[in-house]
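Trainee: Make a model of the complete structure from these sequences and hints.
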Amino acid sequence: MSEKTYRANEVVSCVDEGEDGAMLYNPDKDDTVVLNPSGRGIWALLSAPRTLDEIAVHLAADYPDVTREQALKDAEQFIQSLVPSFVIASPDEH
Amino acid sequence: MSIEPLPIPDLTVPPPGLPRFPQELDLCITGRCNLKCRYCFYADEMAARNDLPTERWFALFEEVSKLGVQRLCLTGGEVFTRTDLFELIDGIIASKMRYSLLTNGTLISRQTLDAFAVGKRRLRLDSIQVSIDGSRAEIHDKSRPPKSFDRAIAGLRLLKEAGFPVTVRVTVNRANLDDLPGIARLLLEDVGLGGFSTNEAEQLGSARCYGDSVVLTPAERRRAMEMLSALSKKYDGRISASAGPLALARHFAEIEESLARGETSRPGRGKLCACGGVLGKMAILHDGSIVPCNLLPTLTMGVFGLHSLSEAWRSSPAINAVRYRRDIPLASLPSCRGCAYAGFCTGGCPGSVMARYGKLNVRDPNVCYRIFKGEEPGDEVHG
Numbered sequence: 000m001s002e003k004t005y006r007a008n009e010v011v012s013c014v015d016e017g018e019d020g021a022m023l024y025n026p027d028k029d030d031t032v033v034l035n036p037s038g039r040g041i042w043a044l045l046s047a048p049r050t051l052d053e054i055a056v057h058l059a060a061d062y063p064d065v066t067r068e069q070a071l072k073d074a075e076q077f078i079q080s081l082v083p084s085f086v087i088a089s090p091d092e093h
Numbered sequence: 000m001s002i003e004p005l006p007i008p009d010l011t012v013p014p015p016g017l018p019r020f021p022q023e024l025d026l027c028i029t030g031r032c033n034l035k036c037r038y039c040f041y042a043d044e045m046a047a048r049n050d051l052p053t054e055r056w057f058a059l060f061e062e063v064s065k066l067g068v069q070r071l072c073l074t075g076g077e078v079f080t081r082t083d084l085f086e087l088i089d090g091i092i093a094s095k096m097r098y099s100l101l102t103n104g105t106l107i108s109r110q111t112l113d114a115f116a117v118g119k120r121r122l123r124l125d126s127i128q129v130s131i132d133g134s135r136a137e138i139h140d141k142s143r144p145p146k147s148f149d150r151a152i153a154g155l156r157l158l159k160e161a162g163f164p165v166t167v168r169v170t171v172n173r174a175n176l177d178d179l180p181g182i183a184r185l186l187l188e189d190v191g192l193g194g195f196s197t198n199e200a201e202q203l204g205s206a207r208c209y210g211d212s213v214v215l216t217p218a219e220r221r222r223a224m225e226m227l228s229a230l231s232k233k234y235d236g237r238i239s240a241s242a243g244p245l246a247l248a249r250h251f252a253e254i255e256e257s258l259a260r261g262e263t264s265r266p267g268r269g270k271l272c273a274c275g276g277v278l279g280k281m282a283i284l285h286d287g288s289i290v291p292c293n294l295l296p297t298l299t300m301g302v303f304g305l306h307s308l309s310e311a312w313r314s315s316p317a318i319n320a321v322r323y324r325r326d327i328p329l330a331s332l333p334s335c336r337g338c339a340y341a342g343f344c345t346g347g348c349p350g351s352v353m354a355r356y357g358k359l360n361v362r363d364p365n366v367c368y369r370i371f372k373g374e375e376p377g378d379e380v381h382g
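Taken in sequence, the protein lines are chains A and B. Mapping the first sequence onto numbering that gives the first Met the number 0, position 94 (from 1) lands on 93, and the numbers just tick up by one. Mapping the second sequence onto numbering that gives the first Met the number 0, position 222 (from 1) lands on 221, and the numbers just tick up by one.
Simulated from the structure, these hints should not be mistaken for laboratory data. A hint or two may mislead.
[Unchecked claim] DSS-like, lysine-lysine: derived pairs with alpha carbons at most 27 Å apart:
#1 Lys35(B) / Lys159(B)
#2 Lys233(B) / Lys372(B)
#3 Lys28(A) / Lys159(B)
#4 Lys3(A) / Lys28(A)
#5 Lys72(A) / Lys3(A)
#6 Lys28(A) / Lys119(B)
#7 Lys119(B) / Lys159(B)
#8 Lys358(B) / Lys372(B)
#9 Lys65(B) / Lys28(A)
Mentor: Dropping the structure here:
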């Protein structure tokens, strides 16, 4: 079985809030979430399908002091907070 | 008592805490209407301007979505007179936003409902507000052409039966004052709406021509306040208002409760702060004019396509003048000096005073508790 991937839900808009990060809006669900700058970086990555490992590598590059295990845990936590409104999982989780 | 002179604000600098751009916009997508209501705020000086074409609205949708707008309220004119209305709605959907509509209801048919079934038009619709001003044709149509009532009620019933998020706005005026109980019965019992909202005909747009036959006198406003308060109680709060007689009745009741407790002011009152709308949204008129609010159509902040929307939002002296109005203490105004109730008051709608006096920094006598109590004469017959 292929590894699960995650990508941005194409219906979602992302507005850059400068130093504050970014705001995502899903107009189908009328749902909003605010991302910190690090989250905004991951969001940009999700324009193409990514595995949790790939996201963790990106996080680890931003935070060199974080262990790989912790980066993976943080990536999973971040993604789970955005599925399914903002991020689509393949194969579908829901 | 002497009053400290107020610092003169730099009107090109927005007040602190203003969002980068509003999340909501009011768009008057057309100046055309199939009716000519006698109190329409969007008539008179607006009629001669041309509607932006479809492509310009598409460009605007794309731009404002990127700036962070999440929902658009489409109004007019009558939105259903635009033959490209559903194209525009699809443009809003493609630009990742939601929308609501304000309508007179008369052009809504089964075909209209079918058109909403396409794509995400229904999913992204927050609400459709229909204007109903009478429980029967002879009342509703006093302010409009004949047969408007039958068509508006038919449209309303179609929307309600099909499960649309339909709401109703009742504009209290001289023609429907005695019919308010009938209107409440029609909308809440017969049609079966969960609630409806009310406001009051103002001296704006067409009502400037028909003022004496449309706008409430102080005595009529008092009656409207009593009737709507009683109806709101009867129908368990299903009648709402953010302005007009019912809102005023609630505001004055609050003042009386505060006075009974021995208070001399209330938090967030005592200044010309009635409207916070300009802190969270602005409006675009059908010709592309950018204005602080539909009710302030002469305060042009720029024109879409010629001026930057985000710069207009933050740096236009026209909108910042309305925002900084909120810092002006009522006690500093000649009309309110020495008023024992100034600490409870908010001064009324900027659009109303702009239309009436041609300036912003005055209070609306229609919302003055001192005048209501008969402790000060009104400014004029209708005020």
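Trainee: State the violated hints by number, sorted upward, taking the hints as numbered earlier in the document.
Mentor: none
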